[in-house]
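Q: The residues making up each chain are set out below.
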Amino acid sequence: MTQIIIQGLLLSGLYALIAMGFMLIFSIGRVLNLAYGAYLMVGGYVYFWVSQQLGLPQIIGIAAATMMGVIMGLLKHRLIVKPLKGDHVAVEISTLILAVVMQAGVVLVFGDASKILLPIVPGVTQIEGAAVTYNILVAAIISWIIIIGLYVFVRNTYTGRAMQAVSMDEKGAAISGIDPDRVNLITWGISGGLGAVGGVFFASYTQLSPTMWVGPLIISVAIVIVGGIGSIMGTLIVAHIIGFLEVIVVAKLAPELRGVFTMLLIIFVLVLRPQGLFGREEAH
Amino acid sequence: MPDIEIKKLCAFYGKAQALSDLDLSASEGEIIAIIGANGAGKSTLLDGIMGLVTCTGSVRVGGDEMLGKSSSATVAKGIGYAPERFNLFPYMSVKANLMVGAHTAREDVQTNLETVYRLFPRLAERKNQETATQSGGERQMVSLGRALMTSPSILLVDEPTIGLAPKVCLEISEILRRLSTEMGLTVVVTEQNANFALSLAERIYVLEGGKITSSGTADELTKDDALAQSYFGTKH
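Respectively, the protein sequence lines represent chains A and B.
Following the working numbering, the numbering of the first sequence begins with 1 at its first residue and continues without gaps.
Following the working numbering, the numbering of the second sequence begins with 285 at its first residue and continues without gaps.
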């Protein structure tokens, strides 16, 4: 039981970090960024290249991955999202195609074999009799620090309030002196950075492979659909629901059923509460 | 020189023309009203000034051409806007809504907040309440307050009395008058309620089918029998 609680908490923290960037884009830009998983994949590979192939300090690897994520987010907004403004289906199809192209690029550079990312912090500790790797512990702690930082940023800074304002009423934001296009650009940059850093931790928890973008994308979609748009707290809570669900299913039922209950939860919520458990009705 | 001067303004929604060759102006500290029926183009006019609708012609503010500029540039130039539907942020508190208005006027934030709370004491009392749970009158106050947080010299107010109780309409009217007399703001109000406009504005423009059909002081307009009959319900 202790093992389930600890593993659930740690995995949920990681899932919350992974979903946060996806939720921001969905809440503010109203777009399902289907290339989001590719941020994680590229973030993981950049970290692998910098810290394991070039042998530079891990912190530089994490910074390089984050920077790459930010750049990808900004470019995606300027080159795809902005020119296709208003056509959400076209944006979503384009982002999905982009993810496949990025996967091909990674195969070209790094090959298609999976790579093992060395633990960011090696070693194992015992918590209440449960074995916990330092790697997942550190990943969860850093996830929490980033999530709390994001929460404080969104609630207490002019830019954060502008992001909330654009998500609730774009015209209201514009007549308050906010440039919604600039806010969207910033959001895509932050989302890219969050995705890439999430990818480093996710890859260190699982493994690095050119197809690793699919799993985190499904987790992100699930968390945002079940949680609803526009709520950091909602994302956090649902990340814990899904994280614990997966840990319990793996421990008590069968590892093969790991994602099945998450999918059923999505259908359940879509039928009974389409706006999500913590979602808000659209402003009129 | 007028504080705001509009010349030959035309507005378009795609190929449909909503405003035609519209001219109007307001001097510093003046209150003007634009009256007209639903669909006359009142909201389009104010949206056009704010850069939210495609327009041709000229909108000069303090001598500078603003047409073609973004809404954020228009706000930074000193135009505040309280739209008809409020366009508030429903899941933010009253204070957070006001703070969003301070986005371009950060150095004046404390002074502006005090001014808004002095003008609308109810907002100070309910500063932590989400605007989604407020009455129409309170939301109108938040909308005006948010516009004032932008440190405007010109305030555009779209149909401030629509759906509000007579007592609240009087409060709003008094506040707009104080903004003009005490703070020197130029106020541009659109209204369907001609009597409200008549009691508030120094000059009134009549907007019909996207065109200004007449203008003048309240006295001048009420002497026009056809107009008085249509808009003020009286006849000389």
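Think of the hints as simulated: they come from the structure by calculation, not from any bench.
Incorrect hints may have been included.
Listed next, the in silico SDA-like pairs over lysine to any residue satisfying Cα-Cα at most 20 Å (straight line) [unchecked claim]:
1) A:Lys-115 - A:Thr-157
2) A:Lys-171 - B:Phe-296
3) B:Lys-495 - B:Ser-483
4) A:Lys-171 - B:Gly-352
5) B:Lys-353 - A:Lys-115
6) A:Lys-85 - B:Gly-298
7) B:Lys-495 - B:Gln-476
8) B:Lys-379 - B:Lys-361
9) A:Lys-171 - B:Leu-351
10) A:Lys-171 - B:Thr-388
11) B:Lys-379 - A:Thr-159
12) A:Lys-171 - B:Arg-369
13) B:Lys-451 - B:Asn-477
14) B:Lys-411 - A:Thr-157
Q: Can you name, in rising order, the numbers of the hints this structure does not satisfy?
A: When the structure is compared with the hints, numbers 1, 3, 5 and 8 turn out to be violated.
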